[in-house]
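Asker: Let chain Z serve as the given structure and place chain R on it in line with the hints.
Sequence lines, in order, name chains Z and R.
Going by this note's numbering, the residue at position 31 of the first sequence is 31; the numbering climbs one at a time, nothing skipped.
Basically this note's numbering = 1-based index in the second sequence + 393.
A couple of the hints might just be wrong.
Cut-off 30 Å, straight-line C-alpha distance, at most; resulting in silico cross-link-like pairs (DSS-like, lysine-lysine) [as the list claims (entries may be wrong)]:
id, chain 1, residue 1, chain 2, residue 2
1, Z, 167, R, 398
2, R, 728, R, 687
3, Z, 29, Z, 325
4, Z, 5, R, 397
5, Z, 5, R, 595
6, Z, 4, R, 780
7, Z, 27, R, 686
Cβ-Cβ distance ranges computed for the label pairs, FRET-style [said to hold, decoys possible]:
id, chain 1, residue 1, chain 2, residue 2, range
8, R, 561, Z, 188, 42 to 48 Å
9, Z, 66, R, 758, 34 to 40 Å
10, R, 397, Z, 198, 23 to 29 Å
11, Z, 22, R, 449, 32 to 38 Å
12, Z, 195, R, 445, 53 to 59 Å
13, R, 592, Z, 29, 46 to 52 Å
Because the hints were derived from the structure by calculation, they are not lab data.
A quick note: this is a predicted structure, and the numbers were derived from the prediction, not measured.
Every residue gets a Cβ at the ideal spot worked out from N, C-alpha and C, and that includes glycine.
2 protein chains.
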Amino acid sequence: MISKKMQPLMANNSAIRTMFEEGDIMKKKYGEENVYDFSLGNPNVPAPPEVKQAILDILEEERSQVLHGYMSNAGFEDVREAVALHMNKTQGTEFSARNIIMTAGAAGGINVALKTIMDPGEEVIIFKPYFLEYNWYVNNFDGKVVQAETDPCFQPDLKDLENKINKKTRVLLLNSPNNPTGAIYSEETIKKIAGILIKKQKELGRTLFILADEPYRELVYDGNEVPCIMNFYPNTIVSYSYSKTLSLPGERIGYLVIPDELEESSLVIDTAANANRIAGFVNAPSLQQKIVKKCVSARADVAYYDRNRKALYDLITDCGFQCVKPQGAFYLFAKSPVSDEKEFCKTAKKYNIIMVPGSSFASPGYVRLAYCVSYETILASMDAFKKLAAEYK
Amino acid sequence: MISKKMQPLMANNSAIRTMFEEGDIMKKKYGEENVYDFSLGNPNVPAPPEVKQAILDILEEERSQVLHGYMSNAGFEDVREAVALHMNKTQGTEFSARNIIMTAGAAGGINVALKTIMDPGEEVIIFKPYFLEYNWYVNNFDGKVVQAETDPCFQPDLKDLENKINKKTRVLLLNSPNNPTGAIYSEETIKKIAGILIKKQKELGRTLFILADEPYRELVYDGNEVPCIMNFYPNTIVSYSYSKTLSLPGERIGYLVIPDELEESSLVIDTAANANRIAGFVNAPSLQQKIVKKCVSARADVAYYDRNRKALYDLITDCGFQCVKPQGAFYLFAKSPVSDEKEFCKTAKKYNIIMVPGSSFASPGYVRLAYCVSYETILASMDAFKKLAAEYK
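Next comes chain Z alone, as it looks inside the complex (with noise of 0.2 Å):
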């Protein structure tokens, strides 16, 4: 009855999701404040107040027809040039808005994206641990997700990288910072991806993208920084999200940035605003793109995240599990005492406790906890993780 693609799809259904819906039903059962849910990337903080009022104003100032109304499939132009000149502020870049194609938040800009330059049966690679659901973005299009491995503090292995590029490469996914690593990528190392990239292109005589998934790139901590992967190789597409940075995951709002140093740029920004279209988007919602320009620097409080982040990775390394310290986003990567980390997962539950295995990020024997839950659900669950280590002990 169902069309053959989606059958493996519903077959295996998403594992994150599924915890989600356990939680649910737990919370129902034994209270909300009794159970310690980090399994979803739902921003407990609220949008910054610069939103509600860019939303009352917006009401004021815009006629319906205009606000509410068809726009060019990339996007209205103001809000795009404000997106722009905002990077070129913030990253030293050199875009207008022709260089912005506002989009249905980063999983909408990265379908676009693989729609406009991606043929069925070339490679996308992708370093382990990611986000599973980049193999159903692939699957899309008929691609394939070729995994690359990282070091144990989850930086590429530019050596498996290199040895994984082929003649049927087209992509490179980079997720920095890193969902569920919290993983930054350097400068140093970005210089080193983009100086293999450029010898694989002339060798094999092919354009090799890079497509950079940055929904969580103004989330950092200790000073890090994030850079700018387009000064350094210019075959770069750019997905970014409001999801995180304005705690709008539900509406829906991002952008993808094609620099005009890409090759044939001006036809690979027109087909992807096309692509936009006929995928069904037809463009990024209206109201939110408004929203974008008035609040194109304002950000959900970075503050309580790090908070929430150092509270975490204390908890669970007094407890005696091991974990890389995140550098960036809001998650945090456990190694599990045991190497069936599905069965911890189970485990904790018992003491409700709810973790995604690492078998979702293609990376078994770990776990994922999402700190982008309150303070106070980190402090209450103290006791809950004492008892889960004791049975590891």
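Answerer: Using the frame of chain Z, we list chain R on its own:
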């Protein structure tokens, strides 16, 4: 540089959009009030006042984390329940929230439905004339469009439909009220279509779906009624959009209805919700969903469109052009006085009239005029149309 699948689209870019952009250039040159732009279905009627009030109320009532947060991929439960109840009240159905999946407008909904039920190589039958964008939606999933004929009043040729159903057919895509003709298919016609499909399903031992694209369901005139197809044919999926009814085309908000009576309904519903996620929509924009809940009975000003319809129809026919009077939607599909209607459109531009050639709807020899413009535009265009007519006397 771009994907093979996007190449034919880019080689032959959307004529409607080209018109739209040419129109903008002409407006800058001659002044907005001197260009009679009938090219695009972008409503000139503002959203009903309930929409603005709903936004103000929602901002007071809902917590930011809920209002702008993730929800289940099918949409907020309370929103889907409100939609279901409204349908039950107006169409005599018995839906619950479970039957409704909130989507990014009808374009999003149709793509999600096709991703859910169609395999590569399968056929989608569509009556001419039709919105050619459907071709790209079907192509997204490697299906094939098969065109079926209509009579001079743009009503389905049932004999031709029957002949075109074969063992590759999966979907009959219906669009009533129709873009570009304004034709409505009567209950009698729908019953006959259902009869053919039921017979053919049995003969071929194969499920055949109706996919009903109904964004114009409430835009009907002269007391016409749009029958509820699901009441006559159980394997029907309806795609609805608030783009026209609430004048929110840029916001991308609508829904799919999948009735319990559809074969393996529960699997198809779950699959569609997941298809919504992995296609990159994730979920329909959250604030817009909440607006729908509060505005489920609100309507844009249909009387305004009706006045436009009458004025433009009278004007066109008084000038000697032939046209079937539209029963719904906000388009008028007039016969070109010469067989090459692109030539006719080009001549019209001399008088600052912008129309879309029928070949953009698989029906050369006609032109489409969208009358979702201001009433004043129609009145002001009278002299231009008279001069245009004089060229063809």
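Asker: Any hints from earlier that this structure breaks? Give me their numbers in increasing order, please.
Answerer: 2, 3, 6, 8
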